[in-house]
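Q: Taken in sequence, the protein lines are chains A and B. First residue of the first sequence: 14, per the numbering used here; consecutive thereafter. First residue of the second sequence: 14, per the numbering used here; consecutive thereafter.
Hints may contain errors.
Put simply, identical chains are the same to the list, so a pair is met inside one copy or across any two.
Unchecked claim - Below, a list of computed lysine to any residue pairs in the SDA-like style, where the Cα atoms sit at most 20 Å apart:
id	residue 1	residue 2
1	Lys240	Ala62
2	Lys209	Ala103
3	Lys157	Asp73
4	Lys209	Val192
5	Lys157	Gln97
6	Lys227	Arg80
Derived by calculation from the structure, the hints in this document are not laboratory data. As the structure is a prediction and not an experimental result, all values here were calculated from the model.
Number of protein chains: 2
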Amino acid sequence: MTTSEPAYDPHDFPPFAVATDIVVFTIRADRLQALLVQRNEDPYRLAWALPGGFVRPDEDLEQTARRELAEETRIETEPNFLTQLGAYGAPDRDPRMRVVSVAWWAVVPDLAEPEAGGDALYADILPVDDVLSGRLPLAFDHAKILSDALEALRSALEETTLATTFQSGPFRISDLRRVYEVVWGRELDPGNFQRKVRQTSGWLADTGETTSSKAGRPASLFTGPSKVTPLDRPVRRS
Amino acid sequence: MTTSEPAYDPHDFPPFAVATDIVVFTIRADRLQALLVQRNEDPYRLAWALPGGFVRPDEDLEQTARRELAEETRIETEPNFLTQLGAYGAPDRDPRMRVVSVAWWAVVPDLAEPEAGGDALYADILPVDDVLSGRLPLAFDHAKILSDALEALRSALEETTLATTFQSGPFRISDLRRVYEVVWGRELDPGNFQRKVRQTSGWLADTGETTSSKAGRPASLFTGPSKVTPLDRPVRRS
DNA sequence: ACAAAAGTGTTGTACTTACACCCATGA
DNA sequence: TCATGGGTGTAAGTACAACACTTTTGT
């Protein structure tokens, strides 16, 4: 065996830091929004950023993300609440030192105004559009992470029953359709959507309740599955 | 704002190391195989493992993976050859120190017997089945990484034109079908598969050549697209 | 009665599946 | 001639998109 390179010992080099960044999606006012925090530390002090922070020595990666989310925004979550998006580690992504960040994403029903804590000055829920269009710049490479998370979300709506997790209680089929329309930025045929989701077994459970509607015929109310599951046939996006 | 937690400075703690692990799939002898190296260092000295190694201070994550692949197995690759699978960072995954590893995967046509180099004693191409069944144990959490990469590969065959990248030159449609059958572990109808891939525009380019067949009617030879692209309609796996 | 939203019917097209069958070659 | 794999034909079944239409409520 030949060894053309000298042995590399990670102890010889300045340390890496490992962090997490978290994208939490919700729908409010018929727009897709994400939970953001205003930084209270340099670099990017006062800039908006994804919640997140450094992994501690004996901490699991997902646990870090859940802890930071709780510290910075008071949102408490279950294990497996977050889905891993990937690792972001360009050498220059943090001016202080080399940081590799593991990004996660999740969906929550519309929630109470978040409370800030930890390293965050404020926590707020802001439209994803505003970030992607550049009107709302984010710290570090967080706009790229948010953009990648959005694609993961759009794809998950095609392939899984995830959409129901945007709902906090029993919902109408048109509420579910609205989720698709908001996330995909495209209108869907109400009749065809109705059939599609009703025919998919294991997705909706009819509560027997109906809305006392403000306008139009009352709608049946449904609940989603207890766990997000893959769909046999996708809900076609195009 | 309240700060219930003391500020955390990553410099206060023992450093993390960031590494990469790489899954390279190929098909040989009608079996799905992966490139593995035999470790020449503790821990897990002499055990089989995925190729990979530590990220250097000024190195991009994908660049690390490509460099390690070249050092350990002499396989030279282009940028964007690798697809990121995710980050693996359980606190106890490496007994020496805290290591977070970013995993990548890729497909190559069957290749010459790989040459070992760097930290690897040997490099070889071994059946994925043998790892997943437990007959061939791997170091660290590499069996889990390989299993996750296999699922990503199976899914990519459904949704993209990736299958052609298993072929080194012009190929028959039945060669392409064999890729699906080997990766999915399931036989496909030859006639229907033929129509499906021929009708998908942007996938196959007819070279005009045919095989001088050993048995049966000669087959047209095709080449794949220059870039892997998503399919409008998936090749259904189930 | 009218507006509005829920939900069902209908029809054409596209795709999938199973499997029969023909085609072109080597032995 | 036969065996072998390449490739096409065909028909049933399924799914989807477009859109008309009926149902059930509030005003």
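Q: For every hint, state whether the structure bears it out.
A: Checked hints:
For the homomeric pair lysine 240 and alanine 62, neither the shortest alpha-carbon distance inside one copy (30 Å) nor that between copies (34 Å) is at most 20 Å. In this assembly of identical chains, the alpha carbons of lysine 209 and alanine 103 never lie at most 20 Å apart, being 42 Å within a copy and 40 Å across copies at closest. With identical chains, the CA atoms of lysine 157 and aspartate 73 are at most 20 Å apart between copies only, with a shortest distance of 16 Å across copies and 24 Å within one. Only within a single protomer do lysine 209 and valine 192 lie at most 20 Å apart by alpha-carbon distance; the minimum there is 15 Å, versus 33 Å between protomers.
Both within a single protomer and between protomers do lysine 157 and glutamine 97 lie at most 20 Å apart by alpha-carbon distance, with minima of 15 Å and 15 Å respectively. In this assembly of identical chains, the alpha carbons of lysine 227 and arginine 80 never lie at most 20 Å apart, being 41 Å within a copy and 63 Å across copies at closest.
Figure legend: structure checked against the earlier numbered hints; hints not met, in rising order: 1, 2, 6.
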